[in-house]
Amino acid sequence: MVPLPYYLVLSGILFACGVTGFLIKRNIITIFMSIELMLNGVNLSFVAFAAHWHALSGQVFVFFVMVVAAAEAAVGLAIIIAVYRTRETLNVDQVNLLKL
Amino acid sequence: MLHLALFSIFGAICVAGAVNLLIQRHPINSALSLIAVLASLAVEYLLLGAEFVAAVQVIVYAGAIMVLFVFTIMLLNAGEEERTRGSRVAIIFGIPGMLVGSIVVAWVLLRYSGTGSVPVGALPGPPITIAQLLFHDFLLPFEVTSVLILIAIMGAVVLASREETPPPAERGHI
Amino acid sequence: MTPNLQLWLIPLLPLLGAAINGLLGRRSSRQAVSVVALVFCGGAFAWALYLAARFSSLAIPHTEFLAPWIRIGGFAADFAFYLDPLSLVMMLVVTGVGFLIHIYSVGYMWEEGGYYRFFSYLNLFMFFMLTLVLANNYLLMFIGWEGVGLASYLLIGFWFTKDSAASAGKKAFIVNRIGDFGFLIGLFLLIKHFGSLTFDQVFAAISQLRPETAGAGLLTAIGLLLMVGAAGKSAQLPLYVWLPDAMEGPTPVSALIHAATMVTAGVYMVARSHVIYERAPEALTVVAIVGVLTALFAATIGVAQTDIKKVLAYSTISQLGYMFLGCGVAAFSAGIFHLMTHAFFKGLLFLAAGSVIHALGGEQDMRRMGGLRHHIPWTFWTMTIATLAIAGIPPFAGFFSKDEILWRSYQASWIYWLIGVFTAFLTSFYMFRLLFLTFFGEYRGAVGADLEHGAGHDSHDAHHGHAHIHESPKVMLVPLVILAILSVIGGWVGVPGSLGGSNRFDKFLGPMFRVTTPAVNAEHAAPGEVAPPEKQTEGPEPQTGSGTELMFTGISVAAAALGLLLAWWLYLRNPELPQKIADALDGFYEAVLNKYYVDELYAVLFVRPLVDGSARILWRGIDQHVIDRAVNDSADGARHVSDNVRHMQSGNLRSYAGWVAAGAAVVIAYMVWTGAR
Amino acid sequence: MNIETLSPFILTLVTFVPAGGALLLVLFPRRDRDVRLFALVVSLLAFILSLHLPAHLVRSQPGFQFEVNRQWITSPNIHYHMGVDGFSMWLILLTTFLTPLCVLISWRIHDRVKEFFILLLVLETALIGVFTSLDLFLFYFFWEGTLIPMALLIGIFGHERRVYAAVKFFLFTMIASVFMLAAILWLYAKVGSFDFVTLQNAIRAGQVQNFSGASFWLFLGFFVAFAVKVPLFPLHTWLPDAHVEAPTAGSVLLAGVLLKMGTYGMLRFNLGLFPEQSQRNAPWIAALALIGIIYGALVAMVQPNMKKLIAYSSISHLGFVVLGIFSFTTAGLNGAIFVMLAHGISTGALFMLAGILHERRHTYEIREFGGLATPMPIYAALFLFIVLSSVGLPMLNGFVGEFLVLSGAFRAHAIYGILGATGVIWSACYLLWMYQRVFFGKVTHEVNNTLPDLTVFERAALWPTAVIALVMGVAPLLWLGAIDPAVQKALAPFAQVASRLVGQ
Amino acid sequence: MNGILQTADYVRILPELVLSVFGIVVMLLEPLFDERRTQRTLGTIALVGSLAAIAASVYQAQYPGFAFWNMVRVDGFSVFFHVLVTTIAAVVILTSYEYMSVQRIRAGEYYGLILLGAVGMCLMSSAVELVLIFIALEISSISTYILAGFRRREAASSEASLKYFLLGSFATAFFLYGVALMFGATGSTNIDKISQALQERTVPTLAYLSVALMFVGLGFKVASAPFHIWTPDVYEGAPAPIVGFMSTAPKAAAFAVLLRILLEANAPGRFWLIWFSAALSMCLGNIGALVQTNVKRLLAYSSIAHAGYLLVAFAAAPQIGISAAMFYTAAYAAMNVGAFAAVSHFANAGEKYVTLDDYAGLGRRSPILAATLTIFLLSLIGIPATGGFFAKFYVFSAALKADLVGLAIIGVLNSAVAAYYYLRIIVVMYMREGRQEIPVTKIPIGLGTALVVSLVATIYLGVLPGRVLDYALRSAGQLVPPASAVAASGPVAPAR
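Protein chains in written order, with the numbering used here: chain B, 2 to 101; chain U, 150 to 323; chain V, 3 to 679; chain F, 220 to 723; chain H, 6 to 501.
Incorrect hints may appear among the rest.
Just a few of them, taken from the derived set where beta-carbon distance is under 10 Å, the chain H residues facing chain B [unchecked claim]: (1) Ile140; (2) Ile151; (3) Ser166; (4) Tyr169; (5) Thr177; (6) Ala178; (7) Ala185; (8) Phe188; (9) Ser193; (10) Thr194; (11) Pro237; (12) Val239.
Computed beta-carbon distance windows for the label pairs [unchecked claim]: (13) Gly115(V) - Val690(F): 29 to 39 Å; (14) Pro502(F) - Ile557(V): 53 to 63 Å; (15) Ala678(V) - Ile277(U): 39 to 49 Å.
To be clear, the hints were calculated from the coordinates, so they are not data collected in a lab.
Every residue gets a Cβ at the ideal spot worked out from N, C-alpha and C, and that includes glycine.
Start from the sequences, fold in the hints, and give me the full structure.
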């Protein structure tokens, strides 16, 4: 018997980790991973809520999220490759052509 | 009781993996720790009785997406990330912001009553019922995802394809 | 029923002349121009004479409505003319003297460039002057008032290529404007309290005012303000400064505008407003004091001037002072009387001076003249007559009018009289000085030698290149003669009773000044007023005083004679003496020679500070360094802020994420806070 | 056809004929000469049409006439509501009168002729629209509409620092007028209508909720927008720059008409909608006006640049107008309108004259000239005439208005009249001094000896102004007759207001 | 809900269907044409597709109601946005003709992405189910990510794409989290159910939290402060026509979603949130734009400011506020697409000429282009007789109706300040002489049409806005049930 808030907090922690990763990681790919981390955190709370409300729609939602995540991954990695081609680096701090 | 134990164990692994993702400096390690997170999350789903989701989690995420990641990392043979200090803002505003935000969220979530606790397999998500929803109530979103994926494919092709189109033609005066 | 007198003809004829000459004159011959000018001006004169002839048979005062001008709400000011003895006299003087001077100018200006301009201006002046004297309300009067100012501006600056002339014109206009400022405020007061500017209505309303009602203070204020206007126009202290400079204009102009007519407008206005002044004793006193002081002050300056026209200018100011003194002691008819005679002899003086200058090819400095009486006898004799007249030697015109003023002023206060007499002495002194320096002794100048005189006279020089001094042409002499005659007999219309005369002039004018004078006011005159003037104003001649009056007459004549003798002694007997005297009291002499440095004083006190202040403080200071600066600075400030905002856009992805996260944190915190409440 | 049937459409016609002309101009004529002629014809047509107004205005009836009122947009409830009364009619005529002269005076323009005249005509339409519209929205519409063409005229066809001037002009007026927009919107939100008359009645009847609280800010919102246009003392800094840089025609319309938009707005809207507030704020406004009169004159006196001088002089003159308006006296208001018209004529003419000189010598610096009366006598004579009319010489247009304004101001507060009357002296000082420096004395610069006198077009542009200046001075009743009833009507509420104020 | 789909269901997603079909067709046909002809042909097909979609949306208007078991709801509101989005797509396609041929961009994917992206945007406006909204949002986002990076050779382009993508997904995650919490708070993801749930029960804190998170996500999409930060970089880097597209269509869609979620779902406690976000957006956007020298970047800042103006309408009372917002999106779309069309034409190959200095003397060199651009800029300033004026006007009057005097004042002041930097462009075009000679090509037919269309739209909205306004008002009425209108006007109270 696990109180629902536990799950929610866990998901929250994952989400927070994702945000932190986005903020502190330099490598674009890792940053992208942090985004995935955030999505997973969200998924967890979806499932948890689904259990709480006894509504399967939550789980379906998770399913859609995964699909979206997959699509994003495809596009994102493609973009990363494009950037790497033009800039020869994966460090975000060096991807700052556009500014001010 | 066992339930709580399992939750805590795998929850711990999740958090550990997530943290590890942050502290690892080589993308590969981060990717691997992310996989750990995903796997243990699948277990959490099982605990919540979402077998289908759990399965999909393992197959799609761990199976497909992460492979993609690792593949890209290899392709661009990304090395150790150097600790450039490009952004003060992220540290000065971002981190505190994150902390404040997460604290508030955590406070809300914890204080969020109206929850009993969740028994193991409280809501069995067998494929049948899922399918019911997916192909009936959520038919339209399901179909639309195909568009999404189509776009993703096109995008990948356009952006990542290496075929050389000649550089833009300069227009002369007219 | 009053017949329609077509009064409007009188001002409008000259206007027509001015318009024709102004618009067509450039292409038409001098003959045509002079004919037009003379015909229209003469027409006005003729019509004035006709009216004068009919005058006795008219219902006086006679008002003639021509057209509406301004009418808003209850207020109305129309083009309407007003005929009464006063305006008749003025009208005759203006048209008559004006006409003569027109004739004279034909000769004087013949060689000048811009001939048509001159006559069109001259006619324009006639128009405005006649409007001024014929107006039936103050606003119409103000038209004429400003208009004559304009005309004098144009005529003084007639030789506009001469900078001095141009600035003189400007100076005249602006100083007049300062006077007009006071005049305007006076009018506003009238409007505010009587809701009208028409003489009849205003005066009627005022006669209703009981002095015990607070009207007195108001009337004093109005009186003083109008006085400011008059002082500006009639060149009284402290606004007289423009008149001497005005001598830059052609001499006929000086004769017509700055001696005979325009400058007397102030006197006319004061006389016209006598209803107000009679009820404002303080104002009247001020008028008298200003008048007497001006008379003295100007006379002293006149003593030391060397420019023939300047001497005449200062004597004009001084004579105007007499007129104001006259009005100031409520002897309005006396003032007007002197105005008339003065018009004759001063006009004559100027014309004669002009003839001298003409003869000498533009020479104006008396130190380069002398002994001219053989060369230009006509001019000499007429000039002599005029001098005698102005000096107040009986039986010439000036004597009677001046004497009457002095007598009246004595009745007001002996100080007035004393100063008056002294001024009379000075007057005759400097006038005879002028006469002697110019016509006696031997010739000191050098005509034909290259003369450094204004561009305006170049043509003269060209014409009189051969060094021989010649009498002026007939067309110039005729007016001289006529005016000379007038200067002799002009005064006889006002022979005082004491001299066995019956002062017809006073009888003619007196009534209109007397009617509105309620006896009651005598008592209510402000206390401390020495011999409240109303008592004597135009009261039936105090026969008892005739003896004393004779005595005073004698004194003033003596003073005049003394002046004559002194002048003779100094400038004919031993001509080196003046220089000695001058050296003896050089500081004072310098001051007098330089007109007490009044112009310089004004420059230091008003002009410089105004110009510099505007330039430095207002324009560069406030306008550019405060207001404009503020505007531009705020613009720069905005740009500065914008630059800082730009730097949020560091271009670094993680920073952006930082902003987003921070923003999200704020939003979340706020929302939760709201929700938790 | 019967002329009477024209009356309902006349305003629309007068307003949009120039714009239509501009449209045709876009499409048709190519050669510059045709463009000029066409523009001239159009503007003259507008003028002739506008003559219909005074011809058929019922002078005895104070209200709005020639009204046209159609629904334009249902929500927001915006009407195409136009109408004129004694105030606006003359300003419309002033506009239509000046525009042909502007066309004539701009005959020499060679660069981008087409654009120039298109902008000019569009500007005319916008100006007329401002004076005709009775729907606040429509008013704002035209009000902003004047901004663009004017700014472009200055910015494209102006002189050296034209860009700075144009931007300054645009921003100043723009920023100020948004306050008015805010006020208008507030009124609309509360009353649900933009119609001037409706609003007026609603306010008079006190049907606007929490109006009393907001009225001051509303008043201020309108006032600021107008004060900048006038321009009132501290807000005037855009004017000299704009004038100096603007092309002649631009300056003429700017000084002649645009500035009047501000004073007209005060008269129509500040007094019309917020009588009480107007009464309360009159003291400081009058103070600003007086400062403007004296300050403008003094600064004008020391300007080395002819056009700047004229610009500052307009600040001084417009001060008279504001003073008159906020004296709330019959004379004051009548005078204010009359000064508007007179100033429009004489200052417009002055700018034309200055422009003529600039065309010949390409400078406005006074010290570049001197003794011009010798080479160009006719020019000098006309210049003097206009200067005198601007100085306020009786029998010319300047005097009547100033006299009325001052007497009105004096009636309101003696000190207003006295301080204002000093303006009479100042104007003589700066204008005559300038005239002397430019025309009198010997010719100082050799170039000036050869300056040609007025051309036919220039005379054609200048004579009408001179004649009108004279007529306005001699027969002001022709104008006042129509103005006075409107003034009486406008002043009607102030009686009650005064009593109410006393009550408080 | 029975298991059978009626034709009505399909009609109610007809535009989306049409668009996706044509998108796929374009994509498939691409290989069949050779390099030269591909551009024009495919462009034409895409254009036809979008036109058909417009027709479909108009036709669809006759069949209001729910479809696919309460997934989408066709009402005036959604139809409005359908038409808007599809029109924008059409105009952008027209704009792109020339651009593509110059840039040698692969037409198939390009047009395909525009069309399919439009599908997502249409769905966003009509979806009433958070799942669907999320997916639609992703579709539109992802397609714009890709389009932003279409000039792959340019480092700037791909960088823009990367930034947009990463930050976009970041924000999406927030939005998703919000959805999850909303699901947790109400047990449903259907907007109507949610609004019911929120009305019958006392609103749990969780709901507030979720609204906050969703606002973060959507605020990012509409580029409202403080989530505007990405806009300038992305707009600068992305291809000009695409900027025209993504600054209007996805934004409009996102605003539609925001409206649905905030107003239809009657999200609690939104008032001050929007208030501050609006004020901040206006100020930051305008101030930031003052010193920009790159026209695309300048317009990016201006779009932030315009998002702010739009949010003002959100803060105002629901019904009139919604209609104001709808009108604003339309007007803004008209002028901004037009402006970027002009910019993209002038920018020339490789987008060389995008700085203010390049625009110097444009008024002389190509008066037509300059004039049109001027009109768009004037409209952006908000000069009468242009759509921009009425948009602002309507928004501010709505705000004042709701007694948001403060916000309205901030708004008008900002619009006055904004005048400065738009004016700078006009000034440079007309009042400066061009320094270096820049090739000015004559306007091709496609672009010309695009310009004319947006010009006409701008002027029409500026002179006769009545019809559109009325339509917006009516559909807003359908959108907001009176009950929620009352409830929503509740939070407005503190403003007084």
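Consistency of the hints with the structure:
A cut of 10 Å between beta carbons decides the hint on Ile140(H): the least distance to chain B is about 6 Å, and the hint holds. A least Cβ separation of about 6 Å between Ile151(H) and chain B falls short of the 10 Å threshold, and the interface hint therefore holds. Nearest Cβ of chain B to the Cβ of Ser166(H): about 5 Å, under the 10 Å cut. The hint holds. Because the closest C-beta pair between Tyr169(H) and chain B is about 9 Å apart, less than 10 Å, the hint holds.
This hint holds: Thr177(H) has a C-beta 8 Å from the nearest C-beta of chain B, less than the 10 Å allowed. Given the 10 Å rule on beta carbons, the hint for Ala178(H) holds: about 4 Å separates it from the nearest Cβ of chain B. Using the Cβ-Cβ criterion of 10 Å, the hint placing Ala185(H) at the interface with chain B is satisfied: the shortest such distance is roughly 5 Å. With its C-beta approaching chain B no nearer than about 5 Å, Phe188(H) sits inside the 10 Å limit, and its interface hint holds.
A distance limit of 10 Å between C-beta atoms decides the matter here; for Ser193(H) the minimum to chain B is near 7 Å, and the interface restraint holds. The beta carbon of Thr194(H) is positioned within 10 Å of a beta carbon in chain B (closest approach about 6 Å), and the interface hint is therefore held. Among the interface hints, the one on Pro237(H) holds; its C-beta lies about 8 Å from the nearest C-beta in chain B, closer than the 10 Å criterion. Hint status for Val239(H): holds, given a least beta-carbon distance of 8 Å to chain B, under 10 Å.
Checked against the given bound of 29 to 39 Å, the beta carbons of Gly115(V) and Val690(F), roughly 32 Å apart, stay inside it. As the Cβ distance of Pro502(F) to Ile557(V) is approximately 60 Å, the hint placing it in 53 to 63 Å holds. Taking 39 to 49 Å as the suggested C-beta distance range, the pair Ala678(V) and Ile277(U) conforms, at roughly 42 Å.
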